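Between the sequences and the hints, there should be enough to build the whole structure, so can you do that?
Number of protein chains: 2
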Amino acid sequence: MEKKIAVILGDGIGPEVTQQSIKVLNCIAKQFGHRFIYNYGLMGADAIDKTGSALPEETITTCLDSDAVLFGAIGHPKYDNDPTAKVRPEQGLLQLRKTLQLFANIRPVNTYSSLEHLSPLKSQQLQGVDFIIYRELTGGIYFGKKEVNADYTEASDLCSYTKTEIERIAHLAFQSAQQRKKKLTLVDKANVLETSRLWRKVVQEISKEYTDVTVDYLFVDNAAMQIILNPGQFDVILTENMFGDIISDEASVISGSLGLLPSASIGVSSALFEPIHGSYPKAAGKDIANPVGSILSAAMMLDHFKLYEEANLVRAAVDWTLNSKFVTKDIDPVNYYFTSTIGDLICDYVTEKI
Amino acid sequence: MEKKIAVILGDGIGPEVTQQSIKVLNCIAKQFGHRFIYNYGLMGADAIDKTGSALPEETITTCLDSDAVLFGAIGHPKYDNDPTAKVRPEQGLLQLRKTLQLFANIRPVNTYSSLEHLSPLKSQQLQGVDFIIYRELTGGIYFGKKEVNADYTEASDLCSYTKTEIERIAHLAFQSAQQRKKKLTLVDKANVLETSRLWRKVVQEISKEYTDVTVDYLFVDNAAMQIILNPGQFDVILTENMFGDIISDEASVISGSLGLLPSASIGVSSALFEPIHGSYPKAAGKDIANPVGSILSAAMMLDHFKLYEEANLVRAAVDWTLNSKFVTKDIDPVNYYFTSTIGDLICDYVTEKI
Ligand SMILES: [Mg+2]
Ligand SMILES: [Mg+2]
Numbered sequence: 001m002e003k004k005i006a007v008i009l010g011d012g013i014g015p016e017v018t019q020q021s022i023k024v025l026n027c028i029a030k031q032f033g034h035r036f037i038y039n040y041g042l043m044g045a046d047a048i049d050k051t052g053s054a055l056p057e058e059t060i061t062t063c064l065d066s067d068a069v070l071f072g073a074i075g076h077p078k079y080d081n082d083p084t085a086k087v088r089p090e091q092g093l094l095q096l097r098k099t100l101q102l103f104a105n106i107r108p109v110n111t112y113s114s115l116e117h118l119s120p121l122k123s124q125q126l127q128g129v130d131f132i133i134y135r136e137l138t139g140g141i142y143f144g145k146k147e148v149n150a151d152y153t154e155a156s157d158l159c160s161y162t163k164t165e166i167e168r169i170a171h172l173a174f175q176s177a178q179q180r181k182k183k184l185t186l187v188d189k190a191n192v193l194e195t196s197r198l199w200r201k202v203v204q205e206i207s208k209e210y211t212d213v214t215v216d217y218l219f220v221d222n223a224a225m226q227i228i229l230n231p232g233q234f235d236v237i238l239t240e241n242m243f244g245d246i247i248s249d250e251a252s253v254i255s256g257s258l259g260l261l262p263s264a265s266i267g268v269s270s271a272l273f274e275p276i277h278g279s280y281p282k283a284a285g286k287d288i289a290n291p292v293g294s295i296l297s298a299a300m301m302l303d304h305f306k307l308y309e310e311a312n313l314v315r316a317a318v319d320w321t322l323n324s325k326f327v328t329k330d331i332d333p334v335n336y337y338f339t340s341t342i343g344d345l346i347c348d349y350v351t352e353k354i
Numbered sequence: 001m002e003k004k005i006a007v008i009l010g011d012g013i014g015p016e017v018t019q020q021s022i023k024v025l026n027c028i029a030k031q032f033g034h035r036f037i038y039n040y041g042l043m044g045a046d047a048i049d050k051t052g053s054a055l056p057e058e059t060i061t062t063c064l065d066s067d068a069v070l071f072g073a074i075g076h077p078k079y080d081n082d083p084t085a086k087v088r089p090e091q092g093l094l095q096l097r098k099t100l101q102l103f104a105n106i107r108p109v110n111t112y113s114s115l116e117h118l119s120p121l122k123s124q125q126l127q128g129v130d131f132i133i134y135r136e137l138t139g140g141i142y143f144g145k146k147e148v149n150a151d152y153t154e155a156s157d158l159c160s161y162t163k164t165e166i167e168r169i170a171h172l173a174f175q176s177a178q179q180r181k182k183k184l185t186l187v188d189k190a191n192v193l194e195t196s197r198l199w200r201k202v203v204q205e206i207s208k209e210y211t212d213v214t215v216d217y218l219f220v221d222n223a224a225m226q227i228i229l230n231p232g233q234f235d236v237i238l239t240e241n242m243f244g245d246i247i248s249d250e251a252s253v254i255s256g257s258l259g260l261l262p263s264a265s266i267g268v269s270s271a272l273f274e275p276i277h278g279s280y281p282k283a284a285g286k287d288i289a290n291p292v293g294s295i296l297s298a299a300m301m302l303d304h305f306k307l308y309e310e311a312n313l314v315r316a317a318v319d320w321t322l323n324s325k326f327v328t329k330d331i332d333p334v335n336y337y338f339t340s341t342i343g344d345l346i347c348d349y350v351t352e353k354i
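The listed protein sequences derive, respectively, from chains C and L.
Numbered by the working numbering, the letters in the first sequence go through residues 1 to 354 in order.
Numbered by the working numbering, the letters in the second sequence go through residues 1 to 354 in order.
Check before you lean on any hint, since a few could be wrong.
The list treats identical chains as one, so a pair stands whether inside a single copy or across any two.
As the list claims (entries may be wrong) - Here are the simulated DSS-like cross-link-like pairs (lysine-lysine), alpha carbons at most 25 angstroms apart as the crow flies:
#1 K353 <-> K30
#2 K183 <-> K325
#3 K325 <-> K50
#4 K306 <-> K78
#5 K86 <-> K201
#6 K98 <-> K282
#7 K163 <-> K146
#8 K325 <-> K122
#9 K325 <-> K145
#10 K182 <-> K163
#11 K23 <-> K325
#12 K23 <-> K3
#13 K145 <-> K201
#14 K181 <-> K306
#15 K329 <-> K122
#16 K3 <-> K86
#17 K145 <-> K86
Keep in mind the hints are simulated off the structure, nothing from the lab.
Computed from a predicted model, the values in this text were never measured in an experiment.
Structure, rendered in structure tokens:
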């Protein structure tokens, strides 16, 4: 198989973690006889410094011309602390998401027995945690009409959804459930919100096409409790934009380290894969950042290419490093391995050298 | 001091837990020379059974004529499971909240060292947890305009806030912070929502009147993480209706038992005090329900009457029962005490018999 991958290294630790993913992808390519062609693009503070724009036209073209985008992280304190800055690194990512119409943000949540001590939850809560959140990313209240009155004593935000917006992500979530434990939980607030009632109606209709998937419904306030009380109950969670923002960030702390967590954003024109962590400028260039979030994002990209065996091999390699205590400084500040060493070890596992 | 208290026993375990609160209030009255006059009103399934209405006019009059309302719980499965039921118990409470214009819902979150084993969080997360959430209760998206289009392919909900709505609850929250650790955290999503930016602006303005209180701001998705990662950092959390719904339910699981948690709802015309737990019909009449949530709600009512010494004594009595392992069946299924015994023990402590 041949695939064109747009690579955006970005800022801070973005480049060094993404380089480990490329290392691993190259090992996979060699092992399975694929060809991955990388086209690099600029975005974020790096792009502002070099071109004046947070997302140069060339990067957009590269992304649209690729089968997928592999992205590191963006953001730099020199822009955060400058209120006069006209262009901000984060604008690049927002604009790219819009251009690629990335309507579904997907975040898996797993726990690792070797990392249980890092979780804020007790060990009994962590058993069997393996779920995935499908968050709608381009609709809802974050993108609705915003108004303020003349003397700024009133403000409003409109939350709206269309059937089409709900359908396209619901199909992705149901298809994912079919490949997993065949359970889908819609998180909404249908006892109060009209948009939630539309979500529920559309999901109920679509569920008829996926008779092997069990559907249940959970109010968002209850979901916020259940994610702590019994996260092992979930398989696929489907939800709208703002609920997904809150619930997926809440769920991200379960595993004990943000450095481990990947994400995928599926769009109309392309798909983008990135770790959920930020650019963490303080660690940049020190070879201490955790590359696992990026490498697992690359595994999600392999899934997206339907290279399931390859994706599972990468995940098995990551499991092996974690269980063998080959971890970076964020996980074990005393006995730690370098970013590049973790990348090498995962490659060795993939190519059966270990 | 003489106070008129409207008492709504409600459904399920509502009557038996509320009776313990009245027992404790009577002991407090005797000990401190106060007079509490109770006027009983019907609401919920009990009211539907007896009058056909979930909130009879008489109950409203009783509540409006009182200094505060002490409420148990409502809800009965015979109405939940009947989709044809025209009147639902919960409508009574919604209507009462509206009538009394209860604009601020207040929920304290505490942990007890003797109950750490019940919490889903690790013991290190639970140290020093003592915060209180002020949730706006009558505005925002839950009460905004709701629309659907003709063929039901689009739906919308409007979230709106006025300066006045924000100010009245913000003053309560700042005043509470002044009596506590002098820290107020506004939870919003000001990087995205216009209503959140209005909240932030109004809170910034009001903060000038409370110079002894430190104010910080947290995005709701980050708040959902911090409540699990480091709940000890909070003192007073102030937030809008929907964020408060999610965050306060999430926070309610920290202590390890919903049966312990009280709440207050402050209104224009009155104030209502109730445990956060439901009517739990399966346990009704067995003298096994946990009365602590109701008794701590009564303590919040004493605070509302500015009877701080009395309120603190009730809380000390509750602490003593929990630390002495005088607990109901929900806390310890083996060595447990009856609902009424817990009430008696708290009374004994209050009247210095213990
Ligand atoms: Mg977020
Ligand atoms: Mg709730």
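Check your understanding: For K325 vs K50, is the C-alpha pair at or below 25 angstroms within one copy, between two copies, both, or neither?
Key -> neither (39 angstroms within a copy, 66 angstroms between copies)
Practice item. Have a look at K86 and K201 and pick one of within, between, both or neither, based on CA distance no larger than 25 angstroms. Key: between (43 angstroms within a copy, 22 angstroms between copies)
Point to revise | Homo-oligomer pair classification [K78, K306; C-alpha up to 25 angstroms] | key: Classified as neither: same-chain Cα gap 40 angstroms, cross-chain 50 angstroms, threshold 25 angstroms.
Exercise for review: Could you place K183 and K325 in one of the four classes (within, between, both, neither) given a Cα distance threshold of 25 angstroms?
Suggested key: neither (33 angstroms within a copy, 40 angstroms between copies)
Check your understanding: When no copy is named, should K23 and K3 be tagged within, between, both, or neither for a Cα gap of at most 25 angstroms?
Key -> For K23 and K3, the Cα distance is within 25 angstroms only inside one copy (16 angstroms; across copies 74 angstroms).
Exercise for review: Pop the pair K325 and K145 into one bin, within, between, both or neither, using alpha-carbon distances up to 25 angstroms.
Suggested key: neither (49 angstroms within a copy, 54 angstroms between copies)
Point to revise | Intra- versus inter-subunit Cα pairing at 25 angstroms for K353 with K30 | key: Cα proximity of K353 and K30: one copy only (13 angstroms, versus 80 angstroms across).
Practice item. Could you place K3 and K86 in one of the four classes (within, between, both, neither) given a Cα distance threshold of 25 angstroms? Key: The answer is neither: 36 angstroms in one copy and 60 angstroms across copies each exceed 25 angstroms.
Exercise for review: Up to 25 angstroms between alpha-carbons, please classify K98 paired with K282: within, between, both or neither.
Suggested key: So K98 and K282 fail the 25 angstroms test inside a copy (29 angstroms) and across (51 angstroms) alike.
Exercise for review: Check K325 against K122 for me: Cα-Cα at most 25 angstroms, and say if that holds within a copy, between copies, both or neither.
Suggested key: Both, since 21 angstroms and 22 angstroms are each at most 25 angstroms.
**Study point:** Identical-chain pair category, K163 with K146, by Cα at 25 angstroms
**Key:** Answer is both; intra-copy 22 angstroms and inter-copy 16 angstroms each pass.
**Study point:** Alpha-carbon proximity between K182 and K163, which holds within one copy, between copies, both or neither at 25 angstroms
**Key:** For K182 and K163, the Cα distance is within 25 angstroms only inside one copy (23 angstroms; across copies 47 angstroms).
Checked against the numbered hints above, the structure violates hints 2, 3, 4, 6, 9, 16; every other hint is satisfied.
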